[in-house]
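Trainee: What follows is the residue order along each chain.
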Amino acid sequence: MTDQPILAASGLTKTFGSRRDPHRAVDGVSLAVHAGEILGVVGESGSGKSTTLRCVVGLEKPDAGRVTYDGLDLAGASRDVRRRFRRDVQMVFQDPYASLNPRMSVERIVGEGLDIHRLAATKQARRDRVVEVLEVVGLDATILDRHPRSFSGGQRQRIAIARALAVGPRVLVCDEPVSALDVSVQAQVVNLLLDMRERLGMAVVFVAHDLALVRHLCDQLVVMQHGVVVESNRCADVFATPAHDYTRSLLAAIPIPDPALDRARRRRAAGEVPA
Amino acid sequence: ADPSGPGADGDTTLTFGVDGTVPNIDPVLADNSTVDQSVVPMYESLVDYDPDGTLAGRLASSWKVADDATSVTFTLRSGALFHDGSPVTAEDVKFTLDRAKALGLGVAQYLTEYVSSEVTGDNELTVRLAHPSTLFVGGLAKVYILNSKLVQKNAGSDQGQAWLASHEAGSGPYTLKTFKPNQQIIYVKDADYTGTKNPDAPDTIVYRLIPEDAPQKEEMLAGNIDVSDGLEAGPDLDAVLADGSKKAVELAKPQGIYIFFNTQRAPFNDPKVREGIRLAYDYQAHVKTILSGHGEVATGVVPAVMACRPDVQPFAQDLTKAKELLSGLAKSGTELHLAYQPIFSEMSDAATALQSSLRDLGVKVKLVTTDYPTYIEDLKSIDKTPDMTVVWDNPPTPDVGSLLSTRYTTKYVEKGTNFGQYSNPAVDALVDKAIGTADDTERCDLYKQAQQKLVDDSASMPIADEVTTVITPKNVTGVELYPAHVGYMPQTYRMSN
Amino acid sequence: MRLDLATAAPEAAPDAAPRPLLEIRGLTVSYPGPTGPVEIVSDLDLTVGRAERVAIVGESGSGKSVTARSLLRLDRRATVTGSLLLDGTDLLALGEKEMRSYRGRRIALMLQDPMTTLNPVLTVGSQVMEALRVHGVGKAEARRRAIAVLDRLGIPDAARRMRAYPHEFSGGMRQRVCLAMAIVAEPDLLIADEPTTALDVRVQEQVLTLIDSLVDELGMGVILITHDLGLVAGFAERVAVMYAGRRVETGAVDELYRSPRHPYTAGLLGSVARVDRDDPLRPIPGSPVMPTARPVGCAFHVRCAHAEADCGVERPEIRLVGHSDVACHHPLALREGA
Amino acid sequence: MTTVAIAATASRPRRKRLPVLDVIAFGAVVVLLAMAVAGPWLAPHDPYQVRLDRALLSPSGDHLLGTDGLGRDVFSRILVGARSSIFAALLAVSGAALIGIVVAMVATIGPRWLDDVVMRLCDITLSLPVMVMALGVAVALGPSLHSAIVAMIVAWWPGFARLARAEMRTVLTAPYVEAATVLGASRARVMTRHVLPNSLDGVYVQATLEIGGATLIMAGLSFVGAGAQPPSAEWGAMVENGSRYLSSAWWISTFPGLMITLTALAFALAGDALRNRSHPDSTLG
Amino acid sequence: MTPKDLALFVVRRLLLLATTLLGIVTIVFLMIKAIPGDEAQAAAGLTASPEQVEAVRRRLGLDDSVLQQYVGYLGRLLHGDLGNSIFTFRPVASDLSGLIPYTIELVVLAMLINVSVGVPAGMLAAARHRSRVDDSVRLLAIFCGALPTFWLAMIGQAVIGRQLGLTPISGVATIGLDVPRRTGFLTLDSLLAGNVVAFNDALAHLVLPAAVLSIPFMSFVIRVVRSSMITALEADHVTAARAKGASERTVLVRHGLRNAIAPVSTLLGLQIGWMMGGAVLVETVFNRPGFGSYLTQAVAHKDTFAVLGMVLVVGVIVTFVGLVVDLVQLVADPRVRLLEARRA
Ligand SMILES: Nc1ncnc2c1ncn2[C@@H]1O[C@H](COP(=O)(O)OP(=O)(O)OP(=O)(O)O)[C@@H](O)[C@H]1O
Ligand SMILES: Nc1ncnc2c1ncn2[C@@H]1O[C@H](COP(=O)(O)OP(=O)(O)OP(=O)(O)O)[C@@H](O)[C@H]1O
Ligand SMILES: [Mg+2]
Ligand SMILES: [Mg+2]
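Residue numbers (this note's numbering), protein chains in the order written: chain A, 14 to 288; chain B, 157 to 653; chain C, -12 to 325; chain D, 27 to 311; chain E, 4 to 347.
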């Protein structure tokens, strides 16, 4: 881990809605992720997590703020840098059913990035690389010609991750990659991400609802509320000593899969806020 | 419902099925035969042709053509009254003629020679003409005299056009009860009519305007119409006649179906080619099948009912000769355009049949649609005039000269009435001379010579003279053809019990 | 907190009958498929006592919602067999009209997604009132009780908010309205089908707390359906785990969490991240099996780390192991210490 | 990390048996198209040969469906007319669909104002009924089958444009399109590889459904004289031509009328079947 | 949505309407320019003398630049001047104002039939989704949509009108039954005149054409009602309603139909315009005066101003109907209100 973050955003602001009725979805958000680090972003629905991420990867144009990649401001960056950014920063989406083009075979889906960035000289080279990344995510070569509709949600999410991995990114931005999956499958994907950080030294930005999962996975944590970062710290520290009331209320609501502990927690919580 | 019989109060009603549209009953539009039959019960003209072809006075008790034929003096029938009770005066006649001329519409076409009128008394006026013309008086048969005071009272800046479109201002045997544009017209007999009375005429006349074939036929079959000319021979007609309450009267019309060539342009500047086409058509079959027998094969350039016609053999098909005459045309591969008006099935049938015959002879024909106003417009330029056009033609007036001069003389080339743009000095001379000739026999002879020349030169291709079958209740008599009017003349019908 | 709900519950018999509130015996639900009927839920047994909280847990497609709907006989296309005894009355033997009078009044259903459970074109109030109106309660009375319930569930200014439309409410408020619709007629049994899946942890917590307090106050039984074992630990008294349309394990909550006997239950527990411990996640390999494509034998054996030869041959019957009912040929041993 | 074996049990949709009605509909469409292609070679008589001596013959061995008022063989004319009747409809619909798709694409990629302008234009055009529009065009270009086709394209492209645009907008926000963008795909690549292929299903289905309607409108136009002109054997024109003989020679207009209904029915059912397969019960219609 | 929002909505819609109308007018104007032939000649009538044509040309400003002409054309339109018909020799505007009531009467009755048959049929199919009833209704709907209107009209006339004698064959009223024309709507006028016989007669003349006109449209209504009801009935709130103990009737109407109003009303709004097109055929065959038969005649006689005037009028009517549909949806569907409120 170097001091220079690979990817950082500062002062991101994004407003939706009409001029008469503006709605500030993201308001001065800053975050940074270093190589080999997993950054978690949590906050309740509508707090601006997705919008922040979309601004970071360039799917949305922020009204203010800047995104730096390897210390270079993307706004004024050369074409070359921007191309490298496109290759090095990849994204995984929440809905595994909508994130794969239903008309493409697995080979074409996963290989698309290779085509775009001309990373495979021959067809065979492309195929080899596709098989390689499929194996990384725990799938095998037999599925190359199949289409997304014949896969389960967990398998799709693996394919989506493989697509991102194919171009050899340094940062993987994941917007709730497991929320739509079954509990058993969620754990598979989370383990996969951990494994990749280990093996490839990739940085990961991980957005989630599930705080227990975030605690399990992340090194750094950003807590958002109403488009604003209310807390940003090392993950363990946030859980140990939450600084903000909002964070505390979030933590208090996390269920514990242990009847006795959970009953106790619930009693505590009920005493505090019936809202 | 049996409206043909006496009503509860002994009144008689006759319902006519009228095949066409009448959006407007301004008599200035009476050049259109449907409008003509819609206004004729309500109005009178100065003169009209009787069924035997003689020109007789109506509102005019007498008229005198000046010796140089450049003016005519009319004396009006005394005591004639408009429906509002005001007398018919020479002023009204002058108003009517001036109005038509000023509007330049419809019957104005019969007034091309008209310059002005000079009223010389309540019942007398003199009309000045631009050129000597024996045709002028006959043309007045469809110029209906308007009640000038009534019209002026209701006129805006439009010469009363808007008002007359749905009101009447006439002196005829019937008054208007209701007029619903394109739907129905109801007339009631005017007890105070001052002309020759027809006591047996129906008390009420109803026109139902049904332009489409299908509903017209259905209404007839259902017995909702008493009088119709819309049924062809065949099962439909038989069905209507079956119960014995109806009869059919055949009337020969001064109307024929023609094909006109653009004689000013290749290939039809060659009379041989025109003849070839003429010989290619099956006239007998046209009458038998397309007209369902309601007509006769044409025997000259003017309809057979007209006077002053030369003896001409009926036209007939001769494919061998046609093939020979058309071989050059066939070889050239030229595609000829044949224009027709799609709203009239006889025309589209004839066009289709001719196209098929010519195809057998190797001549390519393309059918193109037109409509009457466009056609007339196109006739104003030789270039725009189609190679061939199939069209109904009826003489402007029953005087053969009116037809010969407007259709076949150089004066009318590119004027919109010479359908073939036909120009032949010999014909011009004969027709001009005839028109200026006051003597009947001599004039007639000149007309015959002109017609013979036109036939020999294949100036046009007359196909058939038409006959209408009028179906009426058994008790109706007096169904006759008045040559200036090709539609119904209900005021002349007589009903007996 | 005063309750104004007493008026419509004449038969809330507190004389603690030995008979459970709901007794499900051999519930089997099948749907017509392209090649004949497909059994989605097979041979399910479950009992719910008064004021008891029972959870049904299972992954997507395991037949939880089908079970819930069949308890109210909502699906005309479904063939439901077995017996469903509510207070001794077999629901499956009722005529459609009688059944209708049970729905909402005796058994209520609360659905997963608050946005789709509320009709977007009707006011919130009218939808809550509907649950009473269809059972013949007068308009004014229904209105009064609807307001009372909304008020009770913490909707501020309930009388005025009755006129609002669902989209004018926040997610948490909508969820309360759904709950209000379900309980306004004071049912004996509330079935909540994943009532909190789409919600944030905090709202989820609030809704469960509300249901909890209602159980205490009204003495109704609750079946809570969820896919998240983590969620119900502190809520339910008993838990039934379903896999591919079959119950694989039922037990008292403490027992089941401490020492799951079925490998699937253990797998689910191993997949849940715990905020209080740093255990690595131990996911179940593969993906859940649909009831429509159940493998022969134990449906779980293709994913099971403890599977042996007989698992792929014969379907294990439910039997009592320790304090739990388990359908497994090779149940896990009792865990020590926990 | 273990490699997960992908069991064959993964929910692969079972191939459904084609319903009988769908089979019939697709069969009828195929037969009709075959007729349109091969009609002229199948016709036992020259469909344009006027034989005034054989007019109005009732159906017989020689003239299976009788002859018309000019003695032409009705059966042969129906066979030959299939081409103008069906192809005209096909042409009109595919022309409208094509223009609609292109316009939708331009509106989708183009700047906001262009999108606004295009959609306004669609609204305006949609506010004029096809029949009225077609008659207007017939006046402008002269009545003919070509004008009728042009008119229908003019009247119908906005429908397709709206449909395609709506689908494209939806697809454009689909995560897989965003994924491609994040991968660095160019706008052109995104449009052609991802958006276009995934947004045309609705258009295809709609087009199939509309072909039946187009046949009817074409026939209607011919009926009022603004469509195909003699001697064309277009079915609507044939019905019109035969309407005079409805009570005496019913066969002249009845058979082409039946063919029109049959064609419309076949395409409507086929379109319906297509739609049910692509997304059952979810769209209009 | 506050009254202010509603007012804003209406104003915005009216502005939109204005641009649409302007668009239609522009298209019509361009069509006039595009049609070959001399406009002045057409306006003056074909038999007009060259001097008259020139006078008309000057009066209509046709010697000005195209832009000036466009402005002039707009000005004339504002005064209700649609030009003169070369066929009826009357101002197109006055022709149309006399005829449109007939068409509207026809379209309104056809719409009533359409809705009162189509909606219940669609609901029935949706309620019995995937049953034999559903299949038959669907098939019937498709079949209705495959019948050529003009053909149906001819058959209806021959069979129902003539052979069975159930309805009059053609026309709008029995000859001789006259009521004073006040509104132009025959049914309304006869009611105003207190003449029941005339009212029944007018209605009898309307029934068959309206039924014929409505049949193909019914096909769409049935299908749209069916599919949007099916969608609506699949929603969770329907399950919730059933779970409350609501009867099938309540579910169908309150939760099904109510939620299907938006797509159905959109379709019905569009259909009013399409019906005006369909009226062309029906009016021709039934010999009804009206907008359709006027249009066919105008086309047959190449009556440019009449055709374009009509295009304009239909455009205006359809656009206004669109506005009404929008308002209906605004009232009936709070989701639309939300959308509008957001857009404001
Ligand atoms: N394209 C958009 N147009 C208008 N508003 C938007 C748009 N995208 C997001 N918003 C709004 O911005 C706010 C933040 O949304 P965002 O999706 O970033 O939240 P989130 O934290 O990701 O929520 P969730 O957990 O539900 O995914 C929300 O109120 C949302 O409605
Ligand atoms: N109406 C139906 N007709 C046919 N099959 C159905 C029907 N409803 C559900 N199923 C099938 O039954 C199975 C179980 O569905 P169910 O909705 O009960 O699952 P669930 O456990 O509630 O899952 P989830 O967590 O996704 O809600 C699924 O395979 C589904 O495809
Ligand atoms: Mg999000
Ligand atoms: Mg479920």
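Hint data in this document are derived by calculation from the structure and do not stem from the laboratory. The reader is advised that the hints may include incorrect statements.
Unchecked claim - Derived CB-CB ranges, DEER-like:
(1) E:Leu77 - B:Glu406: 52 to 58 Å
(2) B:Pro427 - D:Ser84: 55 to 61 Å
(3) E:Phe146 - D:Leu59: 52 to 58 Å
(4) A:Leu213 - C:Val283: 39 to 45 Å
(5) A:Thr28 - E:Leu77: 57 to 63 Å
(6) E:Arg135 - C:Asp77: 29 to 35 Å
(7) D:Gly136 - A:Ala154: 30 to 36 Å
(8) D:Val49 - C:Ser157: 28 to 34 Å
(9) A:Arg116 - C:Thr279: 36 to 42 Å
(10) A:Arg116 - E:Arg135: 50 to 56 Å
(11) D:Leu47 - A:Thr28: 14 to 20 Å
(12) D:Pro223 - C:Glu128: 16 to 22 Å
(13) C:Glu128 - E:Lys7: 52 to 58 Å
(14) E:Leu143 - A:Ala154: 23 to 29 Å
Claimed, not checked - Examples of chain B residues lying across from chain E (beta carbon under 10 Å, computed):
(15) Thr331
(16) Lys333
(17) Gln340
(18) Val362
(19) Thr566
(20) Val569
(21) Ala585
Said to hold, decoys possible - Computed list of lysine-lysine pairs in DSS-like fashion (alpha-carbon distance at most 25 Å, straight line):
(22) B:Lys540 - E:Lys7
(23) B:Lys589 - B:Lys604
(24) E:Lys7 - B:Lys536
(25) B:Lys477 - B:Lys522
(26) B:Lys250 - B:Lys309
All values reported here derive from a predicted model rather than from experimental measurement. Even for Gly, the Cβ is constructed at its ideal location relative to N, Cα and C.
Trainee: Hint by hint, where does the structure go against what was stated? Just the numbers, ascending.
Mentor: 2, 3, 5, 7, 8, 9, 10, 11, 12, 13, 14, 15, 19, 20, 21, 22, 24
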